[in-house]
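Peer 1: Chain by chain, the residues run as shown.
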Amino acid sequence: MYSASDLRKGLKIEIDGEPYVVVRFDFSKPGKGQALYRTKMRNMVTGNAFERTYRSNDKFKKAPLEERSMQFLYSQGEEYNFMDTKTYDQIVIMKDQIGDQVNFLVDNMEVDVLMFNDNPIGVTLPNFVNLEVTRADPWAKGDTSGTDTKPVTVETGYELQVPPFIDEGDKIQIDTRSGEYMTRVKE
Amino acid sequence: MLEISGLKRRARLIQAIRHFFVLHGYLEVDTPVRLPCLLPEAYIEPEISGNWYLQTSPEICMKRILAAGIPKIFQICKCFRRHERGNRHLPELTMLEWYRRDSDYHDLMAECEELFLFLANELDMTPTNCNLDSPWQRLTVAEAFSLYAEISLSEALASNFFDEILVRDIEPHLGQKRPTFLYDYPAELASLSCLKSADPAVAERFELYINGLELANGFSELTDPIEQRTRFEKELKIARSLGRATQAMPENFLRDLGQIDQAAGIALGIDRLAMTFFGAERIDEVVAFIPEEL
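Protein chains in written order, with our numbering: chain S, 1 to 187; chain A, 1 to 294.
Chain S extracted, bound-state conformation (with noise of 0.2 Å):
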C-alpha cells in the first residue's frame, strides 16, 4: 500500500481495479491545514485522465504491474503474436492496444511488454530500430531545388520523410518514439 505522501510523478497505482499513472503532482498546505496532494492520473489502458486532490490518511494499492521481455512472431489481421523469451509463452496483443508502435515492429524483434494483472496493456520497442526502405523515388541528382527531404516507405508500410540520397533497400535508423529518420545504416 502507498499513502498519499508516497504519491510522485510517474508512481502507478491500482484504483477501482484499473492501473493509473501519476502525470501531475503538487503538495499544498494551506496555514495550519491538512496536507493536501493534488493529482492528475492518467488511465494506463484507457489514457483517459481526470484530476483528484487527495489528503493524507488516504490510501493507494500499488498497480500489479511486470514488464517482461518478449518476441515478436507474427501477426494476423488485428492479432500481433508475441513469444515470452523466458517461458516461451505466447500471447496474443491486439493491434490497437499497441498504438503507433506497430510502425515500427518486424518479426523477431525483441519488446518489452507492460503486463497489469496478468494482462497486455502496452508494448515498449527499443528507442532505435533499423527498417528496410521498400519504396523511394529515385533522387534526381543534379535537383538543388531546395527541398532537402522526401518522402519514403519502409518495410512495415510506415512513411516517413527522409534525406533525398536513400534509396529502395537501404536499411535506415527511426527514433521509435518520434517516428523520424536517424541515420542510414551500412550493412
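Don't read these hints as lab results, they were simulated from the structure. Treat the hints with care, since some could be wrong.
Stated by the list, open to error - Capping the alpha-carbon separation at 27 Å, the derived lysine-lysine pairs in DSS-like fashion look like this:
1. LYS59(S) with LYS237(A)
2. LYS171(S) with LYS186(S)
3. LYS237(A) with LYS32(S)
Computed from a prediction, not measured in an experiment: that's the story for all the values here.
The hints should help you fit chain A onto chain S, whose structure is shown.
Peer 2: Okay, now just chain A, sitting in the frame of chain S:
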C-alpha cells in the same frame, strides 16, 4: 548546492531582515530547537529526536519570553515538519517569527508592509508583477469565498472542504499585482489566535499572500490559558484520530501564557520570502541544499 550568487543574495536578505528588526527596537532571541513537548497542532507532524521533538515553530519559547516582560522579540531559526515536501515546502525550513506586546493583528499587517518596503529598498529588488506600495489589499476569508469560490464559507466549513477550496479556487487569485492579507478566519480555524470580541464567530488571524504564494501567518494572540487548553485538547484529538502518537500538554507554556495581557505574533517563511523577492518558482532554487542532495 546553490550557486555562489544565490548564497550571497540569500545572505543579504537575512541580514536586511535583522537590520529592520533591530532598527525597530526588537530583541533578537535564540531559543532551543529541541523540546520535550510542542504546541499541539492537528496537521503539523513533528520530527522526533530521542524522547523529545524538533520544533515545528519557535512560538512556545518566544511567548514565554514575552510573558517574562520583554515587549518586542524576533527570531530567525530552523523548523522541522515531517512529510512536507513540494515545490513550496521543505521538511526543514527557515522561519522568521516576531512578537510584540500590547498590539493586535492590524499592527502586524501594517508592520509587514513596512518590512517588505524596507527589504525591497535594501535589496534593490521587488517581487515580480507586484507593487508593494501601502496599503495592501485586505480581504476577509468570507469575502474571498464569495468572490472566488462556488460555495460560501459556511457551506465549505459544513462540508469539510475548506482547505481544498482555499487551495484550488482562492489562493491563485491572492496577492496578484499587490500583496493580499486574507484575514478574519472562522473561529473553527483560530489556532492560537483570539476571537473578535465584537464577533466571536471570527478569529483575529491573517495570512499574507504574494503572487498566490502564502508567506506568513499572524494573529492577535489568544492569552487565556483555559481557552487555550481546550483548543489544544481538540487539536490532540484530531491528531489521535489521524493515527499519530500524541504528546503531553505544554503545561509550562500554559502557566506563563496568563502573564500576557495582549500581544500579537507572526511567522513568516524566509525560504518563501526569498522565492518571492528572487522570482523563484520552486523553493529548491533558494536554499543552500535540498534534502535530496544531502
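Peer 1: It remains to establish, for every hint, whether it holds in the given structure.
Peer 2: Outcome of the hint check:
For the proposed pair LYS59(S) and LYS237(A), the alpha carbon gap of about 21 Å is at most 27 Å, so the pair holds. Between LYS171(S) and LYS186(S) the alpha-carbon distance is near 7 Å, which keeps this suggested pair within the 27 Å criterion. Proximity of LYS237(A) to LYS32(S) is assessed by CA-CA distance (about 15 Å); at most 27 Å being required, the pair is judged to hold.
Checked against the numbered hints above, the structure violates none of them.
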